[in-house]
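Participant: Okay, here's what each chain looks like letter by letter:
2 protein chains.
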Amino acid sequence: MDEEAEIVIFEKGAHISFANCGLPYHIGEVIEEREKLLVQTPEAMKARFDIDVRVKNEVLKIDREAEELEIKDLNSNETYRESYDYVVLSPGADPIKPPLPGMDGEKIFTLRNIPDTDQIKGFVDNNNPQHAVVVGAGYIGVEMAENLHERGLDVSVVEMAPQVLGPIDREMAAQVHNHLRMKGIELYLDNGVAGFADQDKRKKVELQDGTELTTDLVIMSAGVSPNTKLAEEAGLEIGQTRAIKVNDYLQTSDEKIYAIGDAIEVTDVITGQPAHIPLAGPANKQGRIVANNLVGDKEKFKGSQGTAIAKVFDLEVGATGNNEKQLQAAGIDYQVSYINKKNHAGYYPGAVPLMLKILFTPKDGKLLGAQAIGYDGVDKRIDVLATAIRFEKTVFDLQDIDLAYAPPFGSAKDPVNMAGFTAGNILTGKMDVIQWHEIADLDSETIILDVREEIEVQLGKIDNSVNIPLNQLRDRLDELDSDKEIVVYCAVGLRGYIATRILLQNGFNNVKNLAGGYKLYSAVQK
Amino acid sequence: MDEEAEIVIFEKGAHISFANCGLPYHIGEVIEEREKLLVQTPEAMKARFDIDVRVKNEVLKIDREAEELEIKDLNSNETYRESYDYVVLSPGADPIKPPLPGMDGEKIFTLRNIPDTDQIKGFVDNNNPQHAVVVGAGYIGVEMAENLHERGLDVSVVEMAPQVLGPIDREMAAQVHNHLRMKGIELYLDNGVAGFADQDKRKKVELQDGTELTTDLVIMSAGVSPNTKLAEEAGLEIGQTRAIKVNDYLQTSDEKIYAIGDAIEVTDVITGQPAHIPLAGPANKQGRIVANNLVGDKEKFKGSQGTAIAKVFDLEVGATGNNEKQLQAAGIDYQVSYINKKNHAGYYPGAVPLMLKILFTPKDGKLLGAQAIGYDGVDKRIDVLATAIRFEKTVFDLQDIDLAYAPPFGSAKDPVNMAGFTAGNILTGKMDVIQWHEIADLDSETIILDVREEIEVQLGKIDNSVNIPLNQLRDRLDELDSDKEIVVYCAVGLRGYIATRILLQNGFNNVKNLAGGYKLYSAVQK
Ligand SMILES: Cc1cc2nc3c(=O)[nH]c(=O)nc-3n(C[C@H](O)[C@H](O)[C@H](O)COP(=O)(O)OP(=O)(O)OC[C@H]3O[C@@H](n4cnc5c(N)ncnc54)[C@H](O)[C@@H]3O)c2cc1C
Ligand SMILES: Cc1cc2nc3c(=O)[nH]c(=O)nc-3n(C[C@H](O)[C@H](O)[C@H](O)COP(=O)(O)OP(=O)(O)OC[C@H]3O[C@@H](n4cnc5c(N)ncnc54)[C@H](O)[C@@H]3O)c2cc1C
Ligand SMILES: CC(C)(COP(=O)(O)OP(=O)(O)OC[C@H]1O[C@@H](n2cnc3c(N)ncnc32)[C@H](O)[C@@H]1OP(=O)(O)O)[C@@H](O)C(=O)NCCC(=O)NCCS
Ligand SMILES: CC(C)(COP(=O)(O)OP(=O)(O)OC[C@H]1O[C@@H](n2cnc3c(N)ncnc32)[C@H](O)[C@@H]1OP(=O)(O)O)[C@@H](O)C(=O)NCCC(=O)NCCS
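Residue numbers (this note's numbering), protein chains in the order written: chain W, 1 to 526; chain P, 1 to 526.
Take the hints with a grain of salt, since some may be wrong.
If chains are identical, the list can't say which one is meant, so a pair holds when it fits in one copy or spans any two.
Stated by the list, open to error - Calculated cross-link-like contacts (lysine-lysine; reagent style DSS-like; alpha-carbon spacing at most 25 Å):
hint, residue 1, residue 2
1, LYS413, LYS298
2, LYS413, LYS302
3, LYS36, LYS298
4, LYS245, LYS413
5, LYS430, LYS46
6, LYS300, LYS366
7, LYS512, LYS107
8, LYS302, LYS430
9, LYS366, LYS298
10, LYS366, LYS302
11, LYS46, LYS72
12, LYS413, LYS46
13, LYS36, LYS342
14, LYS366, LYS56
15, LYS97, LYS201
16, LYS430, LYS298
17, LYS300, LYS413
18, LYS12, LYS61
19, LYS121, LYS183
20, LYS342, LYS526
21, LYS298, LYS201
22, LYS107, LYS204
FYI, nobody ran anything at the bench for these hints, they're computed from the structure.
Please build the complete structure, drawing on both the sequences and the hints.
Facilitator: Written out as C-alpha cells, the structure reads:
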C-alpha cells in the first residue's frame, strides 16, 4: 500500500504464512507435499513487497515508552531493539494443555504449526502406531481423527462436552456422532481425561469416569487460548474473554499498537457481546483492514459471526451465527426450524441429503444462526445464510432470494428458500411445532400421530405413537379425539406439516408438528 | 392451505409437474429413467392434496362475464364448462419457431415437454444419427449440444448473436466458446439459419452467410415466447415484453385471474423495468405466493433478478442481476471488475480455477450483477452474490461477509470477498483499470507493460508490450517514461495491481491495470 513505509515482520518460528488449516491433511497425506503448506516465503515477500521478514526472531517486549521492541534473534541468541511508529500484533493462539498428570510425557502432541506437524507426521511415519486418542472434538480434533484414521490408525475421541463440534447444537451433532461411529471412530463424550501414564512402550489414558484407554499417541486438541503475553506485559487492555481488547479500527488500548487474529477479542455480530473466534477468515480480513488503516484509511472491523465448516469423512458440517447454547447464554429468545432436502434436483444423479437448521427471533423472524449437515452443498447454503445474517435479514427474506437453479446444482426451491417457507409458516401460525427434546415430557393424554407409511414405521417409531399414513388421514379422522392435543410426525416434517393443515381445518385445534421429524428425533436417541 | 377449497388443475398434455429442466439430461442418458422426470402424478395429488387433476384437458377460453372456463377433454373431444371463483393461469411458454423455409419439415425438433423428449430420444435411439445442428445457444441449446455429444453425435451450434449464453457478457462467453470448441463442438456465431431442406436421407441447414451444413437432426432452441393466447382472447392486459401483465400480487388486469410462470411479465429488480424471465425458480415461488394470496394472505412477488446457471461440459457458468448489455440498454452507468481464484485453498487437492465478474455503480459501488465461470464452486459464489444483490448491497459489503472456510471448501478470503476488495480498490482510487476492449484503441504513445515472468510472456502477449517482471520492477523503473500513460498487465490482474501501486508511488501518475489480465484478454482474441 505504501512504498515508502519500512515494514518488518518478526516471526519466532521458522515459517511465515503457512497453511495452518491444511496441517491435519498433510498428516493424513491428503496434501502430499509439505512444500504446499508454505504459502509465502520471506524471500518472496522481500522480492514482491520489499518487506523485511525476520524468521526465528522472537519479540520479547514492547517498550511503549521508548516506542521500541525488544527482539531475540533465535539463531544467534542475541537480543536487539527496533524502534516503531506502529506495531501490529498477530501472535495467534496456543493450544490449551490442561494441567493433567502425565501431560508433559512423550507421545502427547498438539498441532499448531509446521514443527508440530513434522513431529506428528514423523511419529506416524516411523513408529507404525496402531491407535490414537484425540482429546477434544472441535474442528481440529475431528479433522485429526479423520486424518489419523486415513493413515490406518484406530482412533478414540475423548470430549468433555456431550457432543462433538461445539458450533452446532446437540441434535445436529448426534448425526455426526452416528457418522463417526459408522466410520469406526470410538467416541467418549461427556467425559474428560483424568491423566496420562506410560504403559510399556504405549500410553495409558485415564478418563474421568474411570475408563482406561491404551494407545500409541495422543493429540491434544482441547481448544486454544489467545497469546496475550506481550500485550499483557506491555500493559495493554485485555478483554473479558482473555483476548486482547481492540476498538473497531483494531487498535489496542495504545493507539499505536494494532492487534488482529486469534489473539484478539471481537464482537459477536448476533449478540453484540465480546467473543473469541479464532478463525482464518476474520484474521485475514483484519490484516487487510489494519494495513489500510495504517496508510490513512478509517476502516472498521464489523465483528465476527463465527461462520465455520468442516469435512467429517463423507459429511460436510457447517454453522454460522449463534447456536442454541449461545442464545440461551445470552438470554435471547429464539425459535428453530429444520428442513431436509437434497443438495440438488432429486432426479439428477448424485442427489444426496442435506439437513438445514435455522434459528430466528420468534417476534419478527430475524435470523440468528444456521447449521447444516449433508454430503454435498453444505458450504453453499451456509454461505448464503451467513450473507443473509450479516445483512440482518429475516426468514421471510429467505423466501424470495433468487438462487441459481439447474438440475446439477440445486432445486427450483432451494433448501434456503425452503427453510424460509417452513420458518415463516411457524411464525404466521400456519403450523405449530414441537421440538425433539419436548417429546419425552408429553403427558400421556397426548396423541402422537405417525403419518408415515407402514413400512417406514416398521423400521422404528416413537413409543406410543399411532399410525395413520398421510394419504389415509382425511378418511380416518374419526379415529382421533379432537379434544386431545395431537403431536404429528413424519420422516422429516413435510408430511407432518400437511397432516397438521388437514387436522387444523377439521376441528382439531391443538396440533403440533415434530420439527425435523423422526429422522432427527431418532438420531438423538442412538 | 384450505381444505374446503375445490381445486381443479387442467393440463392439456398428459403429464403434470414434470422436470422440464431435466429433459436434456434424459436425452443424454445422464438421467436414465424416464420415470424420474415425472415429479408428481395426478393420482398422488389427489391422494395427498385432494386436488382434481385433469390431464388431456385443454382450456379453450376464459369467459370472464360468466366466470366460467371452456374446456376441451382431449380424450373424448368433448367440450364442457366449469365455473370459477378464481383462475390461476400458468400456461408456460412455447419454443420459438422462426418462419424459415423448410421449418415444418421432418427431423426438426423443439424441446419443452415429455412428448418432445420422447421424440428426440426416440430418434437418437433408433436412427443412429451422426450429426446434429443446434439452433440457438441459450442454456437449453448448450445443454442439448452437450447431451447429444454425450450420445456420440458431432454437434454444430448456430447462434445469431456473437456469443453463446446471453446472460453472460461477451468476454466471459469467449471462455465458454473455447471450452466448447475444445470438446469438439463446432460453433457458428453471429450467424443465423436461412432455411432447411432435405438432402437424401439427411437434412441441409443453410446459414445466413451461405454456409451449408449437412446433418441428421436439428434442435430448435431459439428462445421461448410466453403463452398468452387464453389471456389475450379474454382481453387481459399484455405487457410490453408480450407476456401477461400482473400486479405485485400476481393478479392480471382481472383481479379474479392470477397468472404465474413463463407466461408473465415480471419486474427486473435491477432496472425496475418489465422483463420476461422464464425460469423455474421464480415460477415455483410465484405459485406459492398465489396459493397464499388465494387463502387471504397479501404476499407480493418482489421481482426477478434472472439468477441462472448451467453446466457446460466441465465448466459451470452462472449469472445473476444485469449484464453489460442490459445495463447499456437501460442507460445505467456501471463499472466492472474481475477476479481469478481457485474454488478452494490451492494446497488442498482438487483446486481448480474460477473467474468472477461483478458489475456495480461507479458512484457508490451498488451491485448490479455478477457472472462466474469455473470448474467448481460457481453456484456458491453466484448464490452469495445473488443474495447480496437482492438486499441491495455494495462491493464494500462483500469485503466483510463472513463465509465458511476450511481447505476443502474455500479460502480465508473467499472469491466473493476478493471481488469486493478489487472493486473497492477501483472505487477508492487505489487502482485505475482499463478493460480488455479498450486495448485496441490505445494510442501508440502508451506503454503497455507486461509484469509477468519471461516464461509466461513466451506463451503469448499483447502486441507492442514491454516486459519487466514484477519482482524486478522497483529496480528497473528508469526504463519507463513517467510522462507517458502506462497500461500494466499480468496473467489475471493481481500482479498488475501490485505493479500499479509501485508505479503510482514512484512518480508515474497515469497508470492503469488491465482488468482480468492476459487470461481474459487472450480468451476474447481466439
Ligand atoms: C490445525 C489447524 C486447523 C485449522 N483449520 C482452520 C479452518 O479450517 N478454518 C479456519 O477458519 N481456521 C482454521 N484454523 C485457525 C486459523 O489457522 C487461525 O485462525 C489463523 O491462523 C490465525 O492467524 P493468526 O495470525 O492470528 O495466528 P497464527 O497463524 O497462529 O500466527 C501467529 C504467529 O505468531 C508467531 N508468534 C507468536 N508470538 C510471537 C512473538 N512473541 N514473536 C514473534 N512471533 C511470534 C507464531 O509463531 C505464529 O507463527 C486452524 C488452525 C489450526 C492450528
Ligand atoms: C429443456 C428445458 C430446460 C430447462 N432448464 C431450466 C433450468 O435449468 N433452470 C431453470 O430455472 N429453468 C429451466 N427451464 C425453464 C423452466 O422449466 C420453466 O421456467 C418452468 O417450467 C415454467 O413453469 P410454467 O408453469 O410457467 O410453464 P410449464 O412448465 O411449461 O407448464 C405449462 C403447462 O401448461 C400447459 N398448458 C398450456 N396451455 C394450456 C391450456 N390452454 N390448457 C391446459 N393446459 C395448458 C402446458 O401443456 C404445460 O404443461 C427449462 C425449460 C426447458 C424446456
Ligand atoms: C416438485 C414439486 C411437486 C414440489 O411441490 P411443493 O409441494 O411446492 O414442494 P414440496 O413437496 O417440497 O413441499 C413444500 C412445502 O412443504 C413445507 N415443508 C418442506 N419441508 C418441511 C419440513 N421439514 N417441515 C415442515 N414443512 C416442510 C414447505 O414449507 C412447503 O409448504 P408451503 O409452501 O405451504 O410453505 C413442484 O415443485 C413441481 O411441480 N415441480 C416440477 C415442475 C418444475 O418445477 N419444473 C421446472 C423445474 S425442473
Ligand atoms: C495466502 C496469503 C499470502 C495471501 O496474501 P494476500 O496478499 O492478502 O492475498 P492475495 O495474494 O490473494 O492478494 C490479494 C490482493 O490482490 C488484489 N487482487 C486480487 N485479485 C486481483 C485481480 N484480479 N486484479 C486486481 N487486484 C487483485 C486484492 O484486491 C488484494 O489487494 P488489497 O488487499 O490491497 O485489496 C495470505 O492469506 C496468507 O498469508 N495466508 C496463509 C496463512 C493463513 O491464512 N492461514 C490460515 C488459513 S490456512
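Participant: Can you tell me if LYS413 and LYS302 fall within 25 Å by alpha carbon in one copy, between copies, both or neither?
Facilitator: Close across copies (16 Å), not inside one copy (32 Å); limit 25 Å.
Participant: My question is about LYS97 and LYS201: at a cut-off of 25 Å on alpha-carbon distance, are they close within one copy, between copies, both, or neither?
Facilitator: Within. Shortest intra-copy distance 23 Å satisfies the 25 Å Cα cut-off; inter-copy 80 Å does not.
Participant: Taking 25 Å as the upper bound on the Cα-Cα distance, should LYS430 and LYS46 be classified as within, between, both, or neither?
Facilitator: between (63 Å within a copy, 22 Å between copies)
Participant: Within a copy, between copies, both or neither: which one fits LYS107 and LYS204 at a CA-CA cutoff of 25 Å?
Facilitator: within (11 Å within a copy, 76 Å between copies)
Participant: How do LYS366 and LYS56 come out at 25 Å by Cα distance, when the copy is not named: within, between, both, or neither?
Facilitator: The answer is neither: 49 Å in one copy and 45 Å across copies each exceed 25 Å.
Participant: 25 Å Cα cut-off: does LYS413 pair with LYS298 within a copy, between copies, both or neither?
Facilitator: Answer is between: at 20 Å across copies they meet the 25 Å cutoff, but 41 Å inside does not.
Participant: For the identical chains here, do LYS342 and LYS526 meet the 25 Å Cα criterion within one copy, between copies, both, or neither?
Facilitator: within (23 Å within a copy, 40 Å between copies)
Participant: Quick one: LYS413 to LYS46, C-alpha cut-off 25 Å, is that within a copy, between copies, both, or neither?
Facilitator: Close across copies (22 Å), not inside one copy (50 Å); limit 25 Å.
Participant: Regarding LYS12 and LYS61, is the shortest C-alpha distance of 25 Å or less found within a copy, between copies, in both, or in neither?
Facilitator: Cα proximity of LYS12 and LYS61: one copy only (13 Å, versus 82 Å across).
Participant: Checking an output row: LYS300 and LYS366, CA cutoff 25 Å. Within, between, both or neither?
Facilitator: both (24 Å within a copy, 19 Å between copies)
Participant: Can you give me the call for LYS366 and LYS298, within, between, both or neither, at a CA distance of at most 25 Å?
Facilitator: between (30 Å within a copy, 20 Å between copies)
Participant: Between the shortest in-copy and the shortest cross-copy C-alpha distance, which are at most 25 Å for LYS298 and LYS201: within, between, both, or neither?
Facilitator: neither (58 Å within a copy, 73 Å between copies)
Violated hints, in rising order: 3, 7, 14 and 21; the structure is consistent with all others.
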